[in-house]
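Student: Sequence:
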Amino acid sequence: MPKALIIRIGRLGDTVLTTAAVDVIRRHLGEDAQIDYAASEGSSAAMLSLDQRIRHVYPVRHRRLPWPMSPGARALRRASRAAPYDLVVNLELGGDCDHYVQFVRHKRWLGPPHQFIARSRDEHRVDAEKKVYATVAESDVLREAAPRLKLPELPVIEDLPVGQPYVVVNPTFSGVSRRGYRGHRAWPLEHWATLIRRVHQELNLVCAVNAMGSETGLVADLLRLPGAISMAGASLEELLGTVAGARAVVSVDTGTMHLAAALNRPVIALFGPSLPRVMGPYPPAGRDHLVLATDLSCQPCFGTAHQKSCPVNRCMQQLLPERVFGALQRQLQSTV
Numbered sequence: 037m038p039k040a041l042i043i044r045i046g047r048l049g050d051t052v053l054t055t056a057a058v059d060v061i062r063r064h065l066g067e068d069a070q071i072d073y074a075a076s077e078g079s080s081a082a083m084l085s086l087d088q089r090i091r092h093v094y095p096v097r098h099r100r101l102p103w104p105m106s107p108g109a110r111a112l113r114r115a116s117r118a119a120p121y122d123l124v125v126n127l128e129l130g131g132d133c134d135h136y137v138q139f140v141r142h143k144r145w146l147g148p149p150h151q152f153i154a155r156s157r158d159e160h161r162v163d164a165e166k167k168v169y170a171t172v173a174e175s176d177v178l179r180e181a182a183p184r185l186k187l188p189e190l191p192v193i194e195d196l197p198v199g200q201p202y203v204v205v206n207p208t209f210s211g212v213s214r215r216g217y218r219g220h221r222a223w224p225l226e227h228w229a230t231l232i233r234r235v236h237q238e239l240n241l242v243c244a245v246n247a248m249g250s251e252t253g254l255v256a257d258l259l260r261l262p263g264a265i266s267m268a269g270a271s272l273e274e275l276l277g278t279v280a281g282a283r284a285v286v287s288v289d290t291g292t293m294h295l296a297a298a299l300n301r302p303v304i305a306l307f308g309p310s311l312p313r314v315m316g317p318y319p320p321a322g323r324d325h326l327v328l329a330t331d332l333s334c335q336p337c338f339g340t341a342h343q344k345s346c347p348v349n350r351c352m353q354q355l356l357p358e359r360v361f362g363a364l365q366r367q368l369q370s371t372v
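Positions 37 to 372 (our numbering) are the ones given, in order, by the sequence shown.
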């Protein structure tokens with residue numbers, strides 16, 4: 037049976053976005069095709085290992101690490117020498133994995149270094165990646181392709197009341213707990229507190245607050261609110277299971293937002309300095325996703341001098357909790 041390999045050595049959210057390619061490849065090679073991944077060790081590789089469409093995941097320590105120094109890459113080399121891949125799709129568009137072409141045995145290779153993928157500043161990451169495998173997809177299949185996870189039934193966090201509907205709220209993102217780091221994507225904690233109170237009091241729903249490890253201390257006050265349930269200490273399986281069972285997910289721009297979209301959960305995404313049409317939930321106009329942002333003249337400013345000089349995150353501060361609550365309420369009513 038045909039075999040394919042997808043390469044993307046990135047963070048969790050980046051990896052989720054690449055799953056749009058899986059069903060496209062299966063349509064091309066056949067539903068019995070064996071799909072493998074080379075992915076970052078840790079949560080990215082563990083998540084893909086749970087996807088029932090994926091045969092095997094090779095965890096790679098770092099995309100810039102010479103492959104002989106990575107046990108996962110060495111295992112991939114051995115496996116491909118024994119049985120070359122019919123198709124390799126390299127979605128590492130920055131060139132960091134170009135050297136994989138030298139040690140992964142294959143019959144056909146899509147993506148760098150054989151293809152140069154031009155990407156505009158306003159183009160969503162998924163749409164840029166689709167250019168890599170466009171030659172093996174019919175136009176309608178390519179157009180409908182979106183990140184998706186096919187998971188078994190997974191456990192939820194223990195503290196959720198059995199049988200009671202809930203909302204997942206995600207106030208944190210990678211790097212936010214680093215000393216001296218200013219979270220430009222962060223929504224003010226007082227806004228989160230207002231939202232959690234209103235969801236509990238007016239909608240009679242509890243909020244599962246997603247914060248892991250060192251991030252938990254940043255949201256300690258939120259976890260003391262009535263109706264707030266901590267997801268601290270949750271395993272990856274519990275995170276995925278809890279997100280998959282939520283009525284909706286409210287999140288800043290981070291991997292959990294992409295997870296929720298890939299699990300077909302209604303998403304309310306809160307955006308400030310970054311551009312939603314580039315990194316928002318995908319597809320941008322589908323699956324009951326709502327992107328909320330303020331309309332400031334300086335927005336978006338991600339990666340510019342203005343972002344570095346902004347003394348306060350006006351774009352996030354002026355995204356008021358009343359607006360977010362109203363959007364969540366309407367979304368819940370429309371998806372009953």
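Since the hints were made in silico from the structure, they are not lab data. Any given hint might turn out to be false.
Pairwise CB distance ranges, derived in the manner of DEER restraints [as the list claims (entries may be wrong)]: (1) 197 <-> 137: 49 to 57 Å; (2) 37 <-> 201: 27 to 35 Å; (3) 195 <-> 156: 27 to 35 Å.
Here are the simulated BS3-like cross-link-like pairs (lysine-lysine), alpha carbons at most 25 Å apart as the crow flies [as the list claims (entries may be wrong)]: (4) 143 <-> 166; (5) 143 <-> 167; (6) 186 <-> 166; (7) 167 <-> 186.
All residues carry an ideal CB built from backbone N, CA and C; glycine is no exception.
Student: Now look at each hint and say whether the structure bears it out.
Tutor: Status of each hint after checking the structure:
1. 197 <-> 137: 49 to 57 Å: Holds - the Cβ-Cβ distance for residue 197 and residue 137, about 52 Å, lies within 49 to 57 Å.
2. 37 <-> 201: 27 to 35 Å: 42 Å, violated
3. 195 <-> 156: 27 to 35 Å: Given about 45 Å between the Cβ atoms, the range is violated.
4. 143 <-> 166: 20 Å, holds
5. 143 <-> 167: Holds. Residue 143 to residue 167 sits at ~20 Å (cutoff 25 Å).
6. 186 <-> 166: 20 Å, holds
7. 167 <-> 186: 23 Å, holds
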